[in-house]
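**Student:** Following the hints, put chain B in place on chain A, whose structure we already have.
If you're matching them up, the sequences are chains A and B in order.
The C-terminal residue of the first sequence carries number 1015 in this note's numbering, and the numbering is unbroken.
The C-terminal residue of the second sequence carries number 1056 in this note's numbering, and the numbering is unbroken.
Heads up, some of the hints might be wrong.
Reference listing, derived: stretches of chain A covered by chain B, where coverage requires no fewer than 3 residues with Cβ under 8 angstroms from a Cβ of chain B [to be verified]:
{"hint": "1", "region": "588-596"}
{"hint": "2", "region": "956-970"}
With a straight-line cut-off of 27 angstroms between C-alpha atoms, the simulated DSS-like cross-links for lysine-lysine are [as the list claims (entries may be wrong)]:
{"hint": "3", "chain 1": "A", "residue 1": "K568", "chain 2": "B", "residue 2": "K1002"}
{"hint": "4", "chain 1": "A", "residue 1": "K568", "chain 2": "B", "residue 2": "K833"}
{"hint": "5", "chain 1": "B", "residue 1": "K867", "chain 2": "A", "residue 2": "K700"}
{"hint": "6", "chain 1": "A", "residue 1": "K744", "chain 2": "A", "residue 2": "K700"}
{"hint": "7", "chain 1": "B", "residue 1": "K546", "chain 2": "B", "residue 2": "K71"}
{"hint": "8", "chain 1": "B", "residue 1": "K799", "chain 2": "B", "residue 2": "K945"}
{"hint": "9", "chain 1": "B", "residue 1": "K867", "chain 2": "B", "residue 2": "K842"}
{"hint": "10", "chain 1": "B", "residue 1": "K799", "chain 2": "B", "residue 2": "K737"}
{"hint": "11", "chain 1": "B", "residue 1": "K443", "chain 2": "A", "residue 2": "K900"}
{"hint": "12", "chain 1": "B", "residue 1": "K443", "chain 2": "A", "residue 2": "K568"}
{"hint": "13", "chain 1": "B", "residue 1": "K737", "chain 2": "B", "residue 2": "K658"}
{"hint": "14", "chain 1": "B", "residue 1": "K720", "chain 2": "B", "residue 2": "K737"}
{"hint": "15", "chain 1": "B", "residue 1": "K546", "chain 2": "B", "residue 2": "K417"}
{"hint": "16", "chain 1": "A", "residue 1": "K937", "chain 2": "A", "residue 2": "K900"}
{"hint": "17", "chain 1": "B", "residue 1": "K330", "chain 2": "B", "residue 2": "K190"}
A short, non-exhaustive set of chain A residues, derived as facing chain B with CB atoms under 7 angstroms [stated by the list, open to error]:
{"hint": "18", "residue": "L709"}
{"hint": "19", "residue": "W710"}
{"hint": "20", "residue": "G711"}
{"hint": "21", "residue": "R729"}
{"hint": "22", "residue": "N897"}
{"hint": "23", "residue": "S898"}
{"hint": "24", "residue": "F899"}
{"hint": "25", "residue": "D924"}
{"hint": "26", "residue": "C925"}
{"hint": "27", "residue": "S973"}
{"hint": "28", "residue": "W976"}
{"hint": "29", "residue": "W977"}
{"hint": "30", "residue": "D978"}
{"hint": "31", "residue": "S979"}
{"hint": "32", "residue": "A980"}
Think of the hints as simulated: they come from the structure by calculation, not from any bench.
Glycine included, every Cβ here is placed at the ideal spot set by N, Cα and C.
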Amino acid sequence: MFAALHIPDLPVVAALRFQSRARELPCAILSRRTPHESPEKLPLLALNQHARAAGIHTGWPLNRALVRCPSLIVIPRDPAAENALLDELVTIGESLAPDLEITAADAVTIDLSSRSKPFDFSSPADFLIHHARAATPDLAYLAARHSATVGRVIEPGDLANLPLEILRSLPSKDNPLALLELWGLVTLGDFMALPRQSLAERLGPEAGRWHDLLHGKIHRLLRLHRPPESFAQSYDFEESIVSLDPLIFVLKGMLYTLAGRLASRHLAASSLDFQLQLDSGDEMARRVRLPEPQTAVEGMLSPLQTLLGSLQLDSAVTTLRLDARTTFATAAQREWFGRQLPQPERWAETLAKLEALLGANRVGIPVPGNSFKPDSFTVHPAAGGLLPVSENPPRPDCPVPLHRFRPPRKISVAHEMRGRQPWPLALLNGPHPGEIIDHRGPFPASGGWWDSAESWQRLEWDIQLASRHLLRLVFQMPDHWQLDGIYQ
Amino acid sequence: MTAVFSEFHACSAFSFLLGASQPEAMIRRAAELGIDSIAITDRAGFYGSARAHHAAKECGIRAIVGCMLDLPDGSRFPVLCATRAGYRMLSRHLTDCHLQPNGEHLLLSSGNLIALSGDRDGPVCRALLRDDKPAVLGATMRLIEIFGSQNVYIQITRHGLRDDGRLNRHLVDLAKHLRLPLLASNAPLHATRSDRRLADAFACLRHHVPLDAAGRLLASNGERHLKSPREMAALFADLPEAVANTRRLSERIGFTLENLDYRFPDFPDGRGNPLSVNEQTTLLRRHAYAGASRRYGVCSRQVRHQLEHELALIHKLGFPGYFLIVHDLVEFARGRGILCQGRGSAANSVVCYALGITAVDPVGGGLLFERFLSENRKSWPDIDIDFPSGDRREEVIQHVFAKYGARNAAMTANVITYRSRSAFREMSKVLGFPVSVADRFSDSPSEFRGGDPQDEKAPNRAAEFAERISRILPPSHPRLAALSYLYQAVLGMPRHLGQHSGGMIVCDHGLDLSVPLQPATMAGRTVVQWDKDDCEDMGIVKIDLLGLGMLAAIEHALEIRSRRGSPLDLATIPKDDPAVFDLLCRADTIGTFQVESRAQMATLPILRPRTFYDLAVQIAIIRPGPIVGDLVHPYLNRRCGREKIDYIHPSCRETLERTLGVPLFQEQVLRMAMDVAGFSGTEADELRRAMAFKRDDSRMEQVTAKLRSRMTERGLARDVQEKIVSSIGSFAMYGFPESHAISFALIAYASCWLKAHHPAEFYAGLLNHQPMGFYSVNTLIEDAKRHGIRVRPVCCAASGDLTEVENDTTLRLGLLRLKGLSAATVVKIVRERNRSPFISLEDFLVRVLPTAKEKRLLAQAGALNALPHVEHRREALWQVELPLHDDLLVPRNPIRHDVLAPMDAAARLSADFATQGATTGPHPLRLWRKKFHTREILRSRDLQNLPHGIPAVVAGMAICRQRPGTAKGHCFISLEDETGISNLFIPKTTFHRLRLVITSEPFLLATGIIQRSEGDQATLYVTHIEPLGIDRAQAARSHDFH
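Excised from the complex, chain A in its bound form (with noise of 0.2 angstroms):
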């Protein structure tokens, strides 16, 4: 015997299901939007029963449901609260037997076999669940699909007045419901009535299926459902902790279980994500990105040491978890003789000891960016390896080096106005004060002007002063002076 368990209008139950005013009132959720497609004519997916009590069904496009209900209501999907429903609803028939397979995004059929108890099912207080069950998984599976037959054992005959519409629901290739609707089929009974071998002979294999599924001839195997494998470790400090050694201590437990995991599965750790919880309720999470692929404790423990080493917590831990993302273990060399990085796990060490000191995202390898903006740079992940090296590398605006100053240093300028451009005469102060007795430029670059809080604009000249020094001087609007660098 099989059970069937299905969510009618899971997509609108979860999207609600922590909005108890708005399920009080008639709400749809719409199918996806391709570019050119108006909403209006959009065709409802899922509505809860207010909306399907004003009438309306799912399919009607939105201009129509909203001709009959006014005051319908369209939320957006909520694609996580639906995979939690739909956890739940796992869990749910994994309590009336361990072997479950998940049908559809919102139908599990569990295999009663095991079970000694006799079937006893009740929906949870917060939303509806339909069941069914029969001697085979598809016909518990279309029976829970509509209100007719659920709650209730049935035999092939049952299904004969559901609507045919319900064969949508089977997985298909190319499914024939078109055609059999243009047959003038309504219902499965009227589908069931069709003579098999005529039927086959027409539709292929696959309609002959669907009769002696319907007949109650197939039984197939369920696939079961195994969640799937997880790193996660928790740790809860009976008392909680203030100091950096319990928690090392702790830790390592944890990443010599971890390791042991991994090398069972022939694994490596490519980031390890570590997050504690504090007493005052606050979290703090990182991702620890190894340098190579690892599945020593030594080289996982010594970045998170350094990590942790570098946090000041405001209150006691009570809590440690830590997770990994796996990948394949290197199995070759990289180079001739030797490894890229000799000590993968130092070079680690060294990157968090720089990331707990600047801060999280920013320690990587700077590439300039794509962009004229002046020293526009991004940056790249230092862990995890090289580089791609671009085909065309851009080339530096001046053959001769600049030193930066960094930051640039403000100074002021004398200078006249030609047109509307300020033209420099000298250098008023700074490090280099004087006249200047030649230049090169303006070089005039602007950029971000679609955003007026990116918007940039600048002057910028190459100048030499009597004292023989070359200098990089800027403009900036509307009357900033600044010296750039100096030609080496």
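**Tutor:** The following block gives chain B in isolation, referenced to the frame of chain A:
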């Protein structure tokens, strides 16, 4: 000393997605800056040259012609036309490149063309940027080989980039080494510095990236704008010869488009030799008098006088060849049995009438020849000819291509510009807004409907945009200012080149020497790179060969009539047939030409046309012009005797007598101006052009002032002057020429005559040339049924490809009515059936081999029902699914015939609408009424018997929803049932309250009050409307304008 500088490498927005200013804007800016000559060098064409030339003439500067040529390595460089020969050479070269993109095309300049080395995208700089010095030398030597060392300039630019100095040092060295002159240029992509933003946006569109990700694809600064000679002299102070060379080059180039050597072809004699103007005039005179004898029998003195007047003017203006060529085209069409008729102002000419180009007698009708041609008119006459749309018109177009040669004929282009929706969609995409923002903007109501964005006043546009966007983005949005700027800036900018609906250009000495040609999207056609206005400005003459669906339908109806053994000649049908006017008076005009719209049908019973001229008035009266001018009611009131006829002034009496003192036609307005103000033909033409010029009121104001002063001189009373000025002012919005109205009235009359006397042929013609007109096929079929025509369904055993007439009261729908049935399958069905009738469904499937989809389609539509052993549609659907195995033995299991139940009437309706969009079965409302047995809900026919003010409820299928701009927000719906069409009027407030029901429900139940106004037509004034519970699969498509 004043600096002199000419810019030789400017790109306009016609270098699509590269330049960011219109050519006119570039020219005006150049003139402002004191640049005395400028070359617009657009990519691979002279797209913007004609506009630039026109603008340059206005601004008093010189527009040099040139373009950028693309090289296979992706680089491009500007080429300038130094002489007319150079222009012709380059134009032909561009044509070669466009028409044979994969061929290798040599350009042999021989001193007539001048090449510049180009900017950073040029072959020389690109090699320099790679530090590939041999390639630099190679690229320059290649230019010298093609153009000669005297004709190659090394272009240097300074855009404030750090490597400008290095590049230019190398370029100066190169110029010295090869003894080539330097040429300063700023290679502008836009007119002003601020236009750089649009250039950046175009760069993003070109590379398919948003601004945020574009990085170094954008310009690093805004320096690529037009710079004044003083700025350029300062920029190149260290290289004064580079600036001075621009002056020398400018002096050297002698060619502008002023010297374009286009001539309309001379008409050839029988051996193909062109005739002289005198010979052409003689020939034209001969044809005209021969035609006049055919038209009039014996020519009256008045006709002869008018013929002589027109022939003299045509000769004087040098246009006899034009008339002969158009005549030749018309003769070709007639020879092939293709209906054709000239429309527009040509109908004012008795020569055109005599030559058979038009069908309106201008002498009999007292039409004004000056509206067509006058002595001072510099432009060529404009003759538009209507042909049956579709293959027959294409036959004429292809004849022109064949007669004049592929390089001597082309269609005029149509420049597709950024309109509100596309402008917002693309600019918002560039700025990184989600698509939903553009969707919401498109959905928001707009004031402007279909007008040219350039016509609208910029402040109005900005205000409208601000209002629309305020509903979508908060005013504080950091990118709102950029979006607003880019949207305004891109509106009206060219987007790509399309083809004009029918404008053709011909030439007898190489059209591709006058303007580059490129392939059109339709196979077998080419387009020139200029649109119709550019062509007109350049003196290139076009002939409009327009497609008219109704002509095709009439032609088809006549052909069916001939096939059935009673040929008809439209020219011989009586023009005063009472049956036609009765049909018009009872507004039984569904399917006819021009008088079938709801507004026309509402006015017909009021106007009650009884003569042909009444019909012309009827056509002219329902137009935006007369409606805005509030002219409908005065005319109708006077016609019904409710208002006294007033001719404004005794001198206008003769002109306005036939329209009861109300000026309805453009000719009347011109004639009035001539009569009351003593305007000459030339001045009247000036008035016509002022009325037609919508962009600027100043022209109209000037002419009005002149009119007033002339009337004052002639002592006209002030109130009379006001009346005249106000009636002319109403026409400034939309002028409708009388000749055009009469031309259209001829076709309208013919369509009404066919409907009255040969309805079967009439409906067959209409059904075979859909989509056309105001109503769907289903409404036409319903109308046919009401006229006693039986329409039989599509049938594989009886239908041809097209809808055919079986007898005077029966039509058989054609196989092509089935949506999704390929033409090849249709041909096979007819061919196989003609060979021998199908003996079974299997026989049909084996011989025709339709695809799986087609099999289902035919079965679903009931087209297989007539085959032996097929009892109904579902049985056919069941049987066609059985695969054909080509078995030698008969299958062991006989086919069961009772597996599927037959379709009921409702299912058959749904199947008909799904497969054909129409049904020959009962109207859905008939089935609905049968099911619900209700008497409270009235039928359309019942409404006609109810008095004014009675409450009524009516149900039907919405076949047309209209909310025209002139209706102040009210809505009109035509609701069809099994007895006819009910007219619904929905006031603005009710429309807003029930908008969704009205616009989205196919079947409606309307409650309201009967209103009867002039013409005694019943209209339901709707107070409430709700959906009717009929499956929407049983609805025909509605024609909606809301």
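**Student:** Hint by hint, which ones does this structure get wrong, listed from lowest number up?
**Tutor:** Going through the list in order, the structure violates hints 10 and 17 and respects the others.
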